[in-house]
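S.K.: Okay, here's what each chain looks like letter by letter:
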Amino acid sequence: MTANTRSRNRALVRYILLPMIFLTVALLGGLRIDVETKAFLFYPPPLITLIFSVMVMLLFVRGRAVEIRAWLGSDLPALTNVSHALTLVTLYFATAQAFNTVLPERGLLKALFCFFFAWTLWNNYFSKFDVRSLLLSMAVLFGTAFFLKHMFLASLFAPGGGWAKKIAGFFLEVGTLGTIDSQTFAPATGYISFFTLLLYVAGLVLLTPRPEPEEDARALVRSYRDLPPLEQMAVREAIAGPQPSAALEAREPQKRLDTVEVTGELVTDMPSEETLVTRKPDA
Amino acid sequence: MQHKLIQSVGIAWTILFSAFIIWIYATEPRNIKEVTAGAQAAAGAYEIDQARFSAALDLFYREEFRAARDEWNAADPGRRDARTQFYIAYSYYREGWHYLYQDDALSQQGLEAVNRAIELSPDKTLVVEDPGLQMHTAVELKAELERGMERSVGDFNPFKVFRTRK
Chain E
1 MTANTRSRNR ALVRYILLPM IFLTVALLGG LRIDVETKAF LFYPPPLITL
51 IFSVMVMLLF VRGRAVEIRA WLGSDLPALT NVSHALTLVT LYFATAQAFN
101 TVLPERGLLK ALFCFFFAWT LWNNYFSKFD VRSLLLSMAV LFGTAFFLKH
151 MFLASLFAPG GGWAKKIAGF FLEVGTLGTI DSQTFAPATG YISFFTLLLY
201 VAGLVLLTPR PEPEEDARAL VRSYRDLPPL EQMAVREAIA GPQPSAALEA
251 REPQKRLDTV EVTGELVTDM PSEETLVTRK PDA
Chain Z
1 MQHKLIQSVG IAWTILFSAF IIWIYATEPR NIKEVTAGAQ AAAGAYEIDQ
51 ARFSAALDLF YREEFRAARD EWNAADPGRR DARTQFYIAY SYYREGWHYL
101 YQDDALSQQG LEAVNRAIEL SPDKTLVVED PGLQMHTAVE LKAELERGME
151 RSVGDFNPFK VFRTRK
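Line order of the protein sequences matches chains E and Z. With this note's numbering applied, the first sequence has no gaps in its numbers, which climb one by one up to 283 at the end. With this note's numbering applied, the second sequence has no gaps in its numbers, which climb one by one up to 166 at the end.
In isolation and in its complexed conformation, chain E is listed as follows (with noise of 0.2 Å):
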């Protein structure tokens, strides 16, 4: 692939496709299927949802998967910046009918989502996180929130099923003096909202934290910045390679030995090839 091939597909998915993915998620994220007319009801975005977005886009912003210089700059030409802010503006509102889709319509459960978000929102913001972290953090978030509304409460809540299920059903109810008022809807929701936290993970994988990529070179040095000194200092040891054998053997320690003087005296009479050894008299 040539360089120019490589650009004009970057410029593709920056400018085109990223948009799109993202607005196809803010159009969905809102959209709920009534269970008995099996009409579209569209929820816009509570007010919630749009603060956690802000919260979301902080942590991409610290967490380096959006460099948000390489993005919006004085340098840049303004064709370019307003494209890119329009693409970052749709990540916002992607991110807000995101946390929409998987977030109880009204009641307690509502308020219990909405807190546990914002914890776990709270303490990413003061985690040590790098790009890939960042983004499986997210997906997990709305996993776990996607289960829980779409498949738990859904089943609990929904209008048939045996008397195991609506016997627990009753007891949650009561159990929280009726504070519990989940809203049901038809199955297609929970497919739609499945399909829209599928395509915005698949939005936030293609989104690069800039527009064009660093040479190499840079890049290694800025990601040799972001570690922690322990693996910067690992990373010096593994660059650095095997150290030389003559290096590595003069370093060996010297061993030690005790100097032990020898003397003889010559006897005529007893055979050349013995030599008697006396100890040294003292002086």
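Rather than coming from a laboratory, the hints here were simulated on the basis of the structure. We treat Cβ as the ideally placed atom computed from N, Cα and C, and that holds for glycine.
Mimicking BS3-like on lysine-lysine, the simulated pairs with C-alpha atoms at most 30 Å apart in a straight line are:
# : chain 1 : residue 1 : chain 2 : residue 2
1 : E       : Lys38     : Z       : Lys142
2 : E       : Lys38     : Z       : Lys33
3 : Z       : Lys124    : Z       : Lys33
4 : Z       : Lys142    : Z       : Lys166
5 : Z       : Lys160    : Z       : Lys142
6 : E       : Lys128    : E       : Lys110
Short derived list, chain E residues pointing at chain Z, Cβ under 10 Å:
#  : residue
7  : Ser7
8  : Arg14
9  : Thr37
10 : Thr87
Since the structure of chain E is already known, use the hints to place chain Z on it.
M.R.: What follows is chain Z alone, placed relative to chain E:
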């Protein structure tokens, strides 16, 4: 040059798609038919099915209100025609009218339909010249539906049995 073209297409596409999403959330269509009808109305190409409208009118005068509403809904799937929505509201009024009381659930649905009719009509005023009706304006019908849903001491007035359906 190629990059600039891609950027320009991307910006135009993003703005168009965003406008579509805002429109969808503002109009809240209930199904794909309403989305299509809404798009046609936005392009000025939306028309109701006149044959079905006339058939519904016949049913309405024969007091087959539910059947009439089904026909009107089929004639105006996008709920974009003020006159059709007015008739739908009127059918709710007539079906819900009783000598001693007015059915609240039907009145509520009638109120929703007449509000749609008012929203769709230019200058928010709609006049339907039909000799078979006693209320010819949307605001008149709306007031009548609202009155039927109100609770007051007058509800216990035995002379209510002498009132007539409009």
